[in-house]
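Trainee: Each chain, written out:
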Amino acid sequence: MGLENIALYNGWSQAFLGAVIVMTGLVILSLAISQIHKLVGIWERRQAGSTTESGLSTPPGMDIPPSVAVQCPLDLNATLKLYRPLTESLGAPFQLKDLYQRAVEYDLPHPHITIRCLREDGHLLALGEGFFNWNE
Amino acid sequence: MFDLLISFLTNTGYYFISQDFRYVIMILVGCLFLYLGVAKKYEPLLLVPIAFGIIVGNVPFFKGFGIGIYENNSVFHYLYFGVTTGVYPSIVFLGLGAMTDFSSLLAQPKLMLLGAAAQMGVFFTLLGALFLGFLPKEAASIAIIGGADGPTSIFLTAKLAPHLIGPIAIAAYSYMALIPVIQPPIMRALTSRKERLIRMEDLRDVSRTEKLVFPVLGVLLCCLLAPTALPLLGMLFLGNLLKECGVVDRLANTARNAIIDTATVFLGFSVGMSTQADVFLTPQSLMIFGLGALAFSLATASGVIFGKIMNLFLQRKINPLLGAAGVSAVPGSAREVHLMGQHEDPDNYLLMHAMACNSSGVIGSAIAAGVLWSFNIMG
Numbered sequence: 000m001g002l003e004n005i006a007l008y009n010g011w012s013q014a015f016l017g018a019v020i021v022m023t024g025l026v027i028l029s030l031a032i033s034q035i036h037k038l039v040g041i042w043e044r045r046q047a048g049s050t051t052e053s054g055l056s057t058p059p060g061m062d063i064p065p066s067v068a069v070q071c072p073l074d075l076n077a078t079l080k081l082y083r084p085l086t087e088s089l090g091a092p093f094q095l096k097d098l099y100q101r102a103v104e105y106d107l108p109h110p111h112i113t114i115r116c117l118r119e120d121g122h123l124l125a126l127g128e129g130f131f132n133w134n135e
Numbered sequence: 000m001f002d003l004l005i006s007f008l009t010n011t012g013y014y015f016i017s018q019d020f021r022y023v024i025m026i027l028v029g030c031l032f033l034y035l036g037v038a039k040k041y042e043p044l045l046l047v048p049i050a051f052g053i054i055v056g057n058v059p060f061f062k063g064f065g066i067g068i069y070e071n072n073s074v075f076h077y078l079y080f081g082v083t084t085g086v087y088p089s090i091v092f093l094g095l096g097a098m099t100d101f102s103s104l105l106a107q108p109k110l111m112l113l114g115a116a117a118q119m120g121v122f123f124t125l126l127g128a129l130f131l132g133f134l135p136k137e138a139a140s141i142a143i144i145g146g147a148d149g150p151t152s153i154f155l156t157a158k159l160a161p162h163l164i165g166p167i168a169i170a171a172y173s174y175m176a177l178i179p180v181i182q183p184p185i186m187r188a189l190t191s192r193k194e195r196l197i198r199m200e201d202l203r204d205v206s207r208t209e210k211l212v213f214p215v216l217g218v219l220l221c222c223l224l225a226p227t228a229l230p231l232l233g234m235l236f237l238g239n240l241l242k243e244c245g246v247v248d249r250l251a252n253t254a255r256n257a258i259i260d261t262a263t264v265f266l267g268f269s270v271g272m273s274t275q276a277d278v279f280l281t282p283q284s285l286m287i288f289g290l291g292a293l294a295f296s297l298a299t300a301s302g303v304i305f306g307k308i309m310n311l312f313l314q315r316k317i318n319p320l321l322g323a324a325g326v327s328a329v330p331g332s333a334r335e336v337h338l339m340g341q342h343e344d345p346d347n348y349l350l351m352h353a354m355a356c357n358s359s360g361v362i363g364s365a366i367a368a369g370v371l372w373s374f375n376i377m378g
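These protein sequences, in sequence, are chains A and B. Numbers 0 to 135, taken from numbering that gives the first Met the number 0, label the letters of the first sequence in order. Numbers 0 to 378, taken from numbering that gives the first Met the number 0, label the letters of the second sequence in order.
Errors might be hidden in some of the hints.
Just a sample of chain A residues kept apart from chain B, beta carbon distances all over 10 Å, derived [unchecked claim]:
1) V21
2) H36
3) E43
4) R45
5) G48
6) C71
7) N76
8) A102
9) E104
10) D106
11) P108
12) H109
13) E119
14) H122
Stretch-level coverage of chain B by chain A, calculated; a stretch enters the list once three of its residues show a Cβ under 8 Å from a Cβ in chain A [unchecked claim]:
15) 97 to 109
16) 117 to 127
17) 217 to 223
18) 358 to 372
Calculated from the structure, these hints are not laboratory results. Ideal Cβ placement from N, Cα and C applies to all residues, glycine included.
Please work from the sequences and hints to get the whole structure.
Mentor: And the structure:
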């Protein structure tokens with residue numbers, strides 16, 4: 000027992016070395032993942048560049064359909080009354096994908112467009128990293 | 000006939016209980032934990048099976064008939080196999096990886112350092128356990144309580160000091176449930192109001208490719224450094240890869256639902272059953288509980304202090320409260336950090352940043368367990 004026991008079993012070395020190894024491992028991992036998004040960005044730019052250079056932005060014979068104008072629900076307040084209860088069980092804040100899933104489960108029409116319109120109209124406030132809350 | 004009746008009665012549990020009151024005490028301990036898990040909702044997913052396992056495991060019986068957990072060829076012995084071999088904790092980590100979103104960590108990798116700093120509590124506790132006279136393998140098993148990760152604690156203890164699984168598991172899960180009691184005073188004492196008010200920058204969007212690369216990179220970098228962490232981190236990152244790749248949703252769903260739930264039930268129940276009076280009702284257990292509290296406190300303090308040290312070098316300061324979330328009691332410590340930040344400033348949302356530290360704490364505690372295991376098998 001006591002400090003002699005620590006020295007007897009090499010405790011000081013184990014504690015110091017163990018702490019250093021754990022810290023080193025996570026420092027290396029954090030450095031590596033801090034570079035991932037840069038490498039991914041370079042890779043994606045190269046991919047986009049090679050697609051443009053080859054002049055084949057779309058496969059031959061396939062025309063991109065013209066984009067369809069987004070039609071928001073005529074009465075957004077009524078739509079809001081339908082959507083707000085969906086988030087009661089999700090709590091606050093919630094993720095849009097969960098709201099979308101709930102809307103699909105309840106067969107609400109055009110959930111994707113509706114959620115987008117609610118966002119653009121300021122009824123859904125972004126809190127960062129994909130979390131949202133209703134604008135009270 | 001009378002002899003037969005007497006023979007039967009002296010083989011009942013009632014008779015054995017009358018010979019040793021410690022069974023009664025342990026059954027009452029099991030009932031207490033059951034109450035804490037069900038009524039107070041303290042970590043119920045593990046505490047309820049552990050508590051019931053304690054009750055079942057302390058029903059005395061006639062030895063030699065393959066009934067008890069320590070008797071070969073008993074049903075409970077086969078269930079316990081998953082604990083002693085570390086299979087259940089590894090499977091739990093598979094499910095954990097399949098339900099963890101690492102994007103907040105990928106968006107701010109420097110928060111990983113707070114998860115690393117919180118693991119210092121493990122190594123301080125190692126010194127404390129050796130100081131109190133525990134053997135090195137026992138001290139390592141007790142120290143990993145500071146990692147605040149139940150499966151990791153059980154995994155390492157099963158490898159190094161299986162006779163202490165009961166008290167260590169109970170200590171680990173009890174203190175994880177007591178995070179709302181342990182952490183706030185320490186966080187408040189070590190930070191100023193000005194520091195608690197620091198707002199974190201918004202997290203950037205993380206691409207799917209990053210989330211795909213991370214588990215592969217993570218397992219390689221961490222496990223090449225500490226191969227003994229493979230059983231835990233290998234499964235954690237496998238589960239995460241199943242989740243993020245998007246082509247095996249069925250497997251990911253099964254991993255984070257049926258598989259983890261099955262492993263959790265058997266793990267908790269087996270650990271509870273192994274917690275018997277002769278191991279639990281000892282002065283050693285009291286010391287383990289005391290060291291467990293110390294471990295949690297030191298881990299919280301280490302994380303917060305490291306956050307303050309980081310601020311000496313960072314232009315854009317981080318909120319040092321996040322250091323407390325490096326204690327990998329997911330999501331309890333992240334929630335406590337968020338609540339404390341909100342208490343000072345209701346518009347300060349720290350939850351996602353705290354979850355980043357929580358996630359790195361899980362990885363850090365698994366590495367710490369691997370390092371302690373390798374020290375003791377080399378030792």
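Trainee: Hints numbered earlier in the text: which of these fail when held up against the supplied structure?
Mentor: Result: hints 1, 2, 3 break, sorted rising.
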